[in-house]
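Asks: As a plain string of letters, each chain reads:
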Amino acid sequence: MNGWDLGVDVLLALGVAGELLCVAGVLVMRTTYDRLHYAAAATSVPGFLVLAAVLVRAHFSAGGLDAIAAVALLFLLNPALVIATARAARRIEEPEAEL
Amino acid sequence: MNAFLVAATVLIAALAPLLVAASVRRPIDGLVALETAGAVTVLALVCLSVGLGQSILFTVAVIAAVASWIGGLVLARFFGRWT
Chain A
3 MNGWDLGVDV
13 LLALGVAGEL
23 LCVAGVLVMR
33 TTYDRLHYAA
43 AATSVPGFLV
53 LAAVLVRAHF
63 SAGGLDAIAA
73 VALLFLLNPA
83 LVIATARAAR
93 RIEEPEAEL
Chain B
1474 MNAFLVAATV
1484 LIAALAPLLV
1494 AASVRRPIDG
1504 LVALETAGAV
1514 TVLALVCLSV
1524 GLGQSILFTV
1534 AVIAAVASWI
1544 GGLVLARFFG
1554 RWT
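Protein sequence lines, in the order shown, are assigned to chains A and B. Numbering of the first sequence is given in the numbering used here, commencing with residue 3 and proceeding in unit increments. Numbering of the second sequence is given in the numbering used here, commencing with residue 1474 and proceeding in unit increments.
Quick caveat, the hints were computed from the structure, so don't treat them as lab data. Every residue gets a Cβ at the ideal spot worked out from N, C-alpha and C, and that includes glycine. A few of these clues could be false.
Quick partial rundown of chain B residues pointing at chain A, CB under 7 Å, derived from the structure [stated by the list, open to error]: (1) Ala1486; (2) Val1515; (3) Gly1526; (4) Ser1528; (5) Ala1534; (6) Val1535; (7) Trp1542; (8) Ile1543; (9) Gly1545.
Next comes chain A alone, as it looks inside the complex (with noise of 0.2 Å):
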């Protein structure tokens, strides 16, 4: 094992282990919007961690440009389906707040 099959293991174990407390968070928080909170922390850091695991192996080639391109999707759209989703959760436990 050279030194960058260990960096794209550390990358990858850091990643999984951030989508995993992600996942936790969302199992455990109790109110919606903590649950969100933990929902939009799953697409920063630890899909850019295996991201950056990916490019280590796969270099910029088509497939790593996909990667790219599926890992700046859920960043850079993500926001806006939390917001939605956070006026809705609004909406239902406050029927008569101004949104």
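Following the hints, complete the assembly by docking chain B onto the known chain A.
Replies: Below, chain B without anything else, positioned relative to chain A:
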């Protein structure tokens, strides 16, 4: 079995509790679990693609990212208006 396949296996296993939560909790909490499941699925597909050496799965991951976002957005609008 390389590191990417192990990572993909762990991520796919993490989908199970999310799908259980999505089916037993309130609809809006289920939606949050479903959104998380979408992100986990995309990363699992990326890892599978590298692990199996199948570059077509990268494209599937991109499509999954967009499809899960659209689905989540539609459900969020639906729950906000009609529940």
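Asks: None of the hints should be skipped; say for each whether it holds.
Replies: Verification of the supplied hints:
The closest approach between the C-beta of B/Ala1486 and any C-beta of chain A is roughly 9 Å, which is over the 7 Å cut-off, so the hint fails. Among the interface hints, the one on B/Val1515 holds; its C-beta lies about 6 Å from the nearest C-beta in chain A, closer than the 7 Å criterion. Given the 7 Å rule on beta carbons, the hint for B/Gly1526 is violated: about 9 Å separates it from the nearest Cβ of chain A. Taken as an interface hint, B/Ser1528 checks out: its beta carbon lies about 4 Å from the nearest beta carbon of chain A, inside 7 Å.
Interface hint at B/Ala1534: satisfied, since its Cβ lies 4 Å from the closest Cβ of chain A, which is below the 7 Å cut-off. A distance limit of 7 Å between C-beta atoms decides the matter here; for B/Val1535 the minimum to chain A is near 5 Å, and the interface restraint holds. With its C-beta approaching chain A no nearer than about 5 Å, B/Trp1542 sits inside the 7 Å limit, and its interface hint holds. Because the smallest distance between the Cβ of B/Ile1543 and any Cβ of chain A comes to about 9 Å, over 7 Å, the interface hint for this residue is violated.
For B/Gly1545, the interface hint holds, the least distance from its beta-carbon to any beta-carbon of chain A being 5 Å, beneath 7 Å.
Violation of the numbered hints given earlier is confined to hints 1, 3, 8; the remaining hints are satisfied by the structure.
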